[in-house]
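Participant: This is what each chain is made of:
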Amino acid sequence: MDIIISNSVDEPIYEQIVKQIKNLIINGELEEGDALPSIRNLAKELQISVITTKRAYEELERDGFINKVAGKGTFVAPQNQALLKERRLKVVEEKLAEAVNAARIINLSLGELQEMLKILYEEV
Amino acid sequence: MSAILEVDNLRKEYRDFNLNVSFSLERGYLMGFIGPNGAGKSTTIKLIMNLLKKDSGAIKVFGLDNVKNEIEIKQRIGFVYDQNYYYDELTVEEMKGIISRFYADWDDELYRSYLKIFDLDPRKKIKELSKGMQMKFSLIMALSHHAELIIMDEPTSGLDPIVRRELLQILSEILQNENKGILLSTHITSDLDKIADYITFINQGRIVETTTRDFLLENYGVVRGKKELLMQTDKGLLIGVKENEFGFEALVKDKARAREIFGDKIIIDKPTLEDIMYYQIDGKVV
Amino acid sequence: MAQLIIKDMLLQRKRLIYFTLFYNVFAILILQDFFLPYLVAGIVVPYIMLQTALAYEEMNKSEIVINSLPVRKEKIVLARYLTIFIYLLISILCYSILTFLMNLFNLPLAGEPVSLAGIVVIFVGIGIIVSIYLPIFFRYGYIKGRVFHTVFTVAALILPTVAVKIIGENPELPGRFVVEDLVGVRTGIILLLLTLLILTISFNLSVWFYKKREF
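Protein chains in written order, with my numbering: chain F, 1 to 124; chain V, 125 to 410; chain Z, 411 to 625.
These are computed hints drawn from the structure, not numbers from a lab. Predicted model, so just to flag it, every value in this text is computed and none were measured. A portion of the hints provided could be inaccurate.
[As the list claims (entries may be wrong)] Okay, the calculated beta carbon distance ranges per label pair:
#, chain 1, residue 1, chain 2, residue 2, range
1, Z, I538, V, K249, 31 to 41 Å
2, F, I3, V, N133, 39 to 49 Å
3, Z, L431, V, N133, 51 to 61 Å
4, V, E297, F, N107, 55 to 65 Å
5, F, K72, V, A127, 22 to 32 Å
6, Z, I568, V, D231, 48 to 58 Å
[Unchecked claim] The calculated lysine-lysine pairs, modelled on DSS-like cross-linking and capped at a C-alpha distance of 25 Å, are:
#, chain 1, residue 1, chain 2, residue 2
7, Z, K621, V, K192
8, V, K248, Z, K424
9, F, K19, V, K318
[To be verified] Cβ-to-Cβ under 10 Å is the rule here; a few derived chain F residues that face chain V:
#, residue
10, N7
11, S8
12, A43
Every residue, glycine too, gets a C-beta built ideally from N, C-alpha and C.
Okay, chain F solo, but in the shape it has when bound:
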């Protein structure tokens, strides 16, 4: 599990962590029941305050992404599959929107864009 934080962006570190873990779960890299590092371990490895990691985990727990099991640790919570799917769809939608915008800028037609999509789908 990779978590990369940056000190130089405006976004608070705990938010960066929340986002990255959410993405890992949405992308399927972290699955239900997977163990997460303890807040202290994570703090030590990332060289940040344990208060930050605690906050990140608390938010993730609040949003239903992870569960803290007393005495055992923190694990990825069972995800509402429908919700997960919806989130994943949203990611695709966002990326497609990006592609559409990029296409518009260079005046690519819808047909040409669809052609590109077909080719990529078969290649990747």
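On the provided structure of chain F, position chains V and Z as indicated by the hints.
Facilitator: Showing chains V and Z alone in chain F's frame:
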């Protein structure tokens, strides 16, 4: 009661300096105690250790009064001071022989493991050790009796950056145990940028602020802009204003508000702890 | 507390052995016919050893560490008092060994063997000196305590000369200062108890001062 250290209206008066501080530390965290030289950091620590007598106020360690329960408390405290005050002429092993017998929970195996980790030869005389090794020795003494609270008074002054990083790594390891607490006083704030959970900033005998490092980083900022903007500001927003030929710079405690007022006309940078100290020390508030 | 005593011994081991040896030999050589050497050595050696111990402690600034450890002030103070009497014993032991060896090899410089009365005298002597000096040290620290040290050293230099003069002017007093005559058993016991009392008062005073000390 989870506060490992509580200082409440602690007062100490000298002829030309007086101290009046309150702050507390919970188990499981590291508090950076920062301030310029002479601010009162050492005085506060000595008061906690009962090396100085307080004039009034309360100091509680592990929930116990620091004078009434002095011995009991000291059993559970590990201390590291700014200089080597151990006996120069003795070897590491001899010194340890003396110190260890005072602690009920002395763990010799733990001591030996630390010797290995730090690569310290117990047969060497203390005066033969480099400054960095002497500090490591102090740290080993402080850690080998399962101390719950570790108090460090400027432990890194005079040490090179590599040794300082090593020390911080070790402190990080110690904090994996959520029952321990660390109070680390320093004027080298860059050491704390990576490790402190809480920051207590003291200046001229008074606490300027005591809060989480996260709070400081999220709300404070170093603002830079044209001098004419100084007219437009909210009163008290810009702290420690420094003007030069080309503009001004200042600290703000409410980044969002500064952005509201000045919009794009200013640059707001993330503050380091040093910035936070620097602008507040004798700054002009506008 | 035993640790604190051991600590002092450890720190001074070389100085202790050499100085005790040196001074006892010196005393035997210089004073043999005149003043019981072990009396003088018994007062000078512990006192000087105490001074050097305190000086080293001060130079090292190690009182900060000692007072940060979980140890009662009473024990720190007690250790100081006891160490002196240990130095005393070491000095007497050294003297006895020297005398024994000298007698063994029939050297003309044999000193008078240690007598019980002599020990009492030294004990009283050192006891009184220490009872005055240590509270001063615990209250004011080593540097200010040096004032007493200076006064004492001056007195120690003057008094023997004065004693010489008195003995010189009173020829009926024997050349050798015979201690047994002066210290009968009953007087001895009274003096001992008195000294112990003074030491106890001194000890309590020292503890009281030390508890108020700031580092």
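Participant: Return the numbers of the hints above that this structure violates; sort them in rising order.
Facilitator: When the structure is compared with the hints, none of them turns out to be violated.
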